Amino acid sequence: MNQVQLRTLLAVIDEGGFDVAAAVLGVSPSAVSQRIRALEKSVGRVLVKRSTPPTPTHAGEVIVEAARRMALLEAETATRLDDRLSRVALSVAVNADSLATWLRPMLADIAADGRASLRLRIEDEAHTVALLRSGEVMAAITTDGSPVSGCEVTYLGSMRYVAVATPWLRDRYRVGDGIDWAQMPALRFGPNDALQDTDLEGRLAPEIPRDRRISHVPSSEAFVEACRVGLGWALLPELQAAPDLASGELVVLDADVLEVPLFWQRWRLKSRTLEVLTEAVTGAAAKALGTAPGS
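Quick note on numbering: UniProt numbering labels position 244 of the sequence shown as 244, and the sequence is numbered without any gaps.
Some hints could be false.
Label pairs and their calculated CB-CB ranges [claimed, not checked]:
1) Lys41 to Ala108: 31 to 37 Å
2) Ala130 to Pro243: 19 to 25 Å
3) Ser149 to Ile122: 20 to 26 Å
4) Gly176 to Val20: 53 to 59 Å
5) Ala130 to Gly290: 25 to 31 Å
6) Ala111 to Gly290: 21 to 27 Å
7) Val252 to Ala108: 29 to 35 Å
8) Leu107 to Asp256: 21 to 27 Å
9) Trp168 to Ser219: 20 to 26 Å
10) Gln3 to Arg50: 54 to 60 Å
11) Pro243 to Val20: 35 to 41 Å
The set of hints was computed from the structure by calculation and includes no laboratory data.
Remember, it's a predicted structure, so these values are computed and weren't measured experimentally.
Ideal placement from N, C-alpha and C gives every residue a C-beta, glycine not left out.
Build the full structure now, drawing on both the sequences and the hints.
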């Protein structure tokens, strides 16, 4: 397969369009289209769905994954041969809660190493593994401990979530010693927020009708602020809720604690850059989540 064509395919998928890919590659949009058609002709398959944004077909996912592996190896080989640092984009799928809390030290570790750039994809931890399977990312934080084909898995630890709200919102929906969960407004991070979809399990019988308002706030910082001002109650990571619980701006609504196990899945590829990334992620998890690196 032609390396130029493979790089062009990655640009189209990663940048989300033929025109943007052309600008990034410094060529015309027609040149990008010609390269993609030539690549498709060489493999005898349609590789890109001409949608907005363009997405890989099943055959395209295979080629995209191969292209990422080749690009990483090519960049690292160039680094060794030329004795200089190459710009290696590490595509990684992470969940917003991890990035907003325990994962942040990883950014400093990658910056200090100086050999790689990051392309982070924010997705719910229950869905990141799909990006790994499709070849869109080379590593992911996920709740799935079963290794994707061609990947290795490391247990990171568990994130603990507690139900919290402002004191006045709790008092407004207090019923006796409990909470009127069917009526109390709630918060969602987004449509793929599987964690918040389970918020009523064990709190409200399935046959009781729900009549609550639900607000979607797809930003980790704004999500906490929405909870802090009383737009709704939410399941927040203990790590993230701790300052507001200590100040009294938020209160815990019940004694239930939801523990979500997290795993690090990465391509089984001998790569110094991937090793540095893995060490940074597992090291950050060990400090915040209480697991030994590599456990």
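We went through each hint and held it up to the structure:
For the pair lysine 41 and alanine 108, the supplied restraint of 31 to 37 Å is violated, since their beta-carbon distance comes to about 45 Å. Checking the proposed 19 to 25 Å range against alanine 130 and proline 243 shows it is violated: the Cβ atoms sit about 33 Å from each other. Here the CB-CB span from serine 149 to isoleucine 122 is close to 24 Å, well matched to the stated 20 to 26 Å. Look at glycine 176 against valine 20: about 57 Å separates their beta carbons, and that is inside 53 to 59 Å.
At roughly 28 Å, the beta-carbon separation of alanine 130 and glycine 290 lies within the given 25 to 31 Å, and the hint holds. One distance hint, 21 to 27 Å for the beta-carbon pair alanine 111 and glycine 290, holds here, with the actual separation near 25 Å. A C-beta distance of roughly 31 Å is found between valine 252 and alanine 108, which places it inside the suggested range of 29 to 35 Å. For leucine 107 and aspartate 256, the Cβ-Cβ distance of about 32 Å falls outside the hinted range of 21 to 27 Å, so the restraint is violated.
Between tryptophan 168 and serine 219 the beta carbon distance is about 23 Å. The supplied range of 20 to 26 Å therefore holds. For the hinted restraint 54 to 60 Å between glutamine 3 and arginine 50, the CB-CB distance of approximately 23 Å leaves it violated. A C-beta distance of roughly 39 Å is found between proline 243 and valine 20, which places it inside the suggested range of 35 to 41 Å.
The earlier numbered hints that this structure contradicts are 1, 2, 8, 10.
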